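The listed protein sequences correspond, in order, to chains A and B. So the first sequence is residues 1 to 369, counted in the numbering used here. So the second sequence is residues 1 to 369, counted in the numbering used here.
No lab work stands behind these hints, which were simulated from the structure alone. Predicted model only: the values in this text are computed from it and were never measured. Some hints could be false.
Pairs count within a copy or across copies, as identical chains cannot be separated in the list.
[What the hints assert, rightly or not] Once the Cα atoms are required to be at most 35 Å apart in a straight line, the calculated DSBU-like pairs of lysine-lysine come out as:
{"no.": "1", "residue 1": "Lys45", "residue 2": "Lys271"}
{"no.": "2", "residue 1": "Lys50", "residue 2": "Lys213"}
{"no.": "3", "residue 1": "Lys50", "residue 2": "Lys246"}
{"no.": "4", "residue 1": "Lys184", "residue 2": "Lys69"}
{"no.": "5", "residue 1": "Lys50", "residue 2": "Lys271"}
{"no.": "6", "residue 1": "Lys184", "residue 2": "Lys213"}
{"no.": "7", "residue 1": "Lys341", "residue 2": "Lys251"}
{"no.": "8", "residue 1": "Lys184", "residue 2": "Lys45"}
{"no.": "9", "residue 1": "Lys209", "residue 2": "Lys246"}
{"no.": "10", "residue 1": "Lys45", "residue 2": "Lys213"}
{"no.": "11", "residue 1": "Lys184", "residue 2": "Lys271"}
{"no.": "12", "residue 1": "Lys325", "residue 2": "Lys283"}
{"no.": "13", "residue 1": "Lys246", "residue 2": "Lys341"}
{"no.": "14", "residue 1": "Lys327", "residue 2": "Lys251"}
{"no.": "15", "residue 1": "Lys246", "residue 2": "Lys69"}
2 protein chains.
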Amino acid sequence: MEKKVRLQGKHQKSDYFCSMIEDKNPQRTDLEQLGEFGLIEHLTKNFDVKHTSTIKGIGDDAAVLNHNKKHIVVTTDMLVENIHFDLSYVPLKHLGYKAVVVNLSDVYAMNANATQITVSIAVSNRFPLEALEALYAGIETAAKIYNVDIVGGDTTSSTTGLIISVTAIGEVSEEDVVYRSGAKPNDLLVVTGDIGAAYMGLQVLEREKEVFKVNPQNQPDLELYTYIIERQLKPEARKDIVALLKQLDVKPTSMIDISDGVSSEVIHLCKHSDVGVEIYESKIPLDPQVISTCEEFNIDSTTIALNGGEDYELLMTIDQNDFPKIKGNPNLTVIGYITEKNRGMHLITRGEQAIPIIAKGWNALKNEE
Amino acid sequence: MEKKVRLQGKHQKSDYFCSMIEDKNPQRTDLEQLGEFGLIEHLTKNFDVKHTSTIKGIGDDAAVLNHNKKHIVVTTDMLVENIHFDLSYVPLKHLGYKAVVVNLSDVYAMNANATQITVSIAVSNRFPLEALEALYAGIETAAKIYNVDIVGGDTTSSTTGLIISVTAIGEVSEEDVVYRSGAKPNDLLVVTGDIGAAYMGLQVLEREKEVFKVNPQNQPDLELYTYIIERQLKPEARKDIVALLKQLDVKPTSMIDISDGVSSEVIHLCKHSDVGVEIYESKIPLDPQVISTCEEFNIDSTTIALNGGEDYELLMTIDQNDFPKIKGNPNLTVIGYITEKNRGMHLITRGEQAIPIIAKGWNALKNEE
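Required output: the full structure, derived from the provided sequences and hints.
As structure tokens, then:
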């Protein structure tokens, strides 16, 4: 008897395609009924303050924060409909969650703790209130899970699509902050988790969208792709790594988050640190679903791992002396090492060929139609 | 002989209508030629760091700031094409300037000093590089004039229009911060500058746009409206008032910036402070150009002053004991006083009628087409 793979609740395939399937939501409240202030009040009424550093959150001209003697880090990202997400297969709740997570990832890449966010949204009135409630539910869930206060934002109209702009604030002691610029020759290049999954998840979703266009009755079968689809639709930021590094007493010499792909990010690290790098193809951590899906799509998995993007893992360099502290940790994989700048930046293939690393990463400005 | 009013360089009428007139800019560099990182580097290369609190600006996963023991304030606003601005008469340089100013205004409304901003932009490829350069020139000019560091941001595509999202950060001592919630009965209600001009400037620009549609050769004559048009296109934030209040040794009991109109803002103050208010129609400060343009458009100037919006002046309440300190100051006009909550919120007309104050302010969510 064929073994049936059971999906967890949150992996139900219909969830991912809810936008396609549930287009005709019977409950539909027009945004105009509430007005701007009413809408903001409605959407933010559950936001509570958890951090003592949040003196005043939503409800004044500006939030007031007190991080005492700590440094603060500030980062911002904008997600634009049909550039960064496609609502035909991205559930709004997941989108809200992801919009927060991609910003927190940048905070963690500074070795800082995320404490506050602001969320601005521009939305056309083709979205009913219930859609915005779903979006904010995702934002609120992420804020709860990552323990950040939502301290401000802006809600306004757009003439067409949905735009989400999040600013994240974190705190870090002066001695703990990690920049892109501290890598030095002989440091180990370390990546967290596994990479390439988010990109392959996107490929599957794009394929199913095409199938759906031809036959809307056909329920997509996504059982083989649950991990990679979740990595695309609902990525997590590596808050745990900041805590783990502290626990292991390891301060990376440099760190960056992987939003555009390992190639692109390692080039940033090397450029800012004035060094070269060698990455070993055989060391790159890949999930089995990435490997099997790459085979199915007839794509080279190393190319995907290096250029896929949207993994929101952390890429860091660590002093060789710290190697015993990270050795064997399942969250941290050594994939190469830093060299003198004049050695260049290379991928060492399984066949021991040295191939120059170039950034083919996802480029927001080339995705335009 | 008729006296000719000379316009300053920045008031040249053709300036305001440059988008209409100079549509066919001979220099046109496609954004795709640069790519995302090239574009950001190109646009931000002149941004220098002025504040010691800016430890690290643009160029890492996040900016790193150190405000030492001071509180920080954080505020964010999004400007969306065809909702908040119309590029047929808003020059991009002024738009960039205004996008910064509207955020700084919120910082000053906390009685704080603005120190840093982040700027995120989503733009469709119908904009050439030169258009973005003009936009960033305005952003940079505002940053210079208001002495704030540009420490981060995001630049991405949009499928249609232009969206600008700015986050502003300021610092303030714990004892100096002013909220919306501190007004108490008998406090004086004080407004800075004059009000209603930005709204009337918009009416003139909208009218000229309609004229231009019918006859594109007709150069609009804007000499009578230079002040109100400048208030609309290139507003200033009241950084000087934060300094002035310190110099006068006056700490307002509450304060808010006037972005949606005095009616709407005074309701916020009263609601947060649990008080009532009386505003005297005869005390409302109006520029002569506002009065004459209101007459020309056959609109009641008091209605415009109370509901116009976009003035970016400050509305505050001051303890009666501080009145001698502000008396006669041309920047500060007493327009009413705070009452017990049960007295309600009223406008006292020139005919001594008490009319309930209701918010008719500009509502972003009703402006949608």
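Please sort Lys45 with Lys271 into within, between, both or neither, judging by C-alpha distance up to 35 Å.
between (45 Å within a copy, 16 Å between copies)
Is it within a copy, between copies, both, or neither that the alpha carbon of Lys184 lies no farther than 35 Å from that of Lys213?
Answer is neither: 51 Å inside a copy and 62 Å across each miss the 35 Å cutoff.
Is it within a copy, between copies, both, or neither that the alpha carbon of Lys209 lies no farther than 35 Å from that of Lys246?
Neither. Shortest intra-copy (43 Å) and inter-copy (60 Å) distances fail the 35 Å Cα cut-off.
At most 35 Å between C-alpha atoms: does Lys184 with Lys271 qualify within a copy, between copies, both, or neither?
Classified as within: same-chain Cα gap 12 Å, cross-chain 57 Å, threshold 35 Å.
Copy assignment of Lys184 with Lys45, given that the CA separation must stay at most 35 Å:
Close across copies (26 Å), not inside one copy (48 Å); limit 35 Å.
35 Å Cα threshold - placement of Lys271 relative to Lys50
Result: close only across copies, 25 Å inter versus 38 Å intra.
Regarding Lys184 and Lys69, is the shortest C-alpha distance of 35 Å or less found within a copy, between copies, in both, or in neither?
Result: close both inside a copy and across copies, 29 Å intra and 34 Å inter.
At most 35 Å between C-alpha atoms: does Lys50 with Lys213 qualify within a copy, between copies, both, or neither?
neither (45 Å within a copy, 54 Å between copies)
Reference check for the pair Lys45 and Lys213, CA-CA at most 35 Å: within, between, both, or neither?
Neither: 38 Å inside a chain and 45 Å across chains, both beyond 35 Å.
35 Å Cα cut-off: does Lys246 pair with Lys69 within a copy, between copies, both or neither?
For Lys246 and Lys69, both the intra-copy (19 Å) and inter-copy (25 Å) Cα distances are at most 35 Å.
At most 35 Å between alpha carbons: which applies to Lys341 and Lys251, within, between, both or neither?
within (22 Å within a copy, 56 Å between copies)
How do Lys327 and Lys251 come out at 35 Å by Cα distance, when the copy is not named: within, between, both, or neither?
Classified as within: same-chain Cα gap 15 Å, cross-chain 58 Å, threshold 35 Å.
The structure fails to meet hints 2, 6, 9, 10 from the earlier list, while all remaining hints are met.
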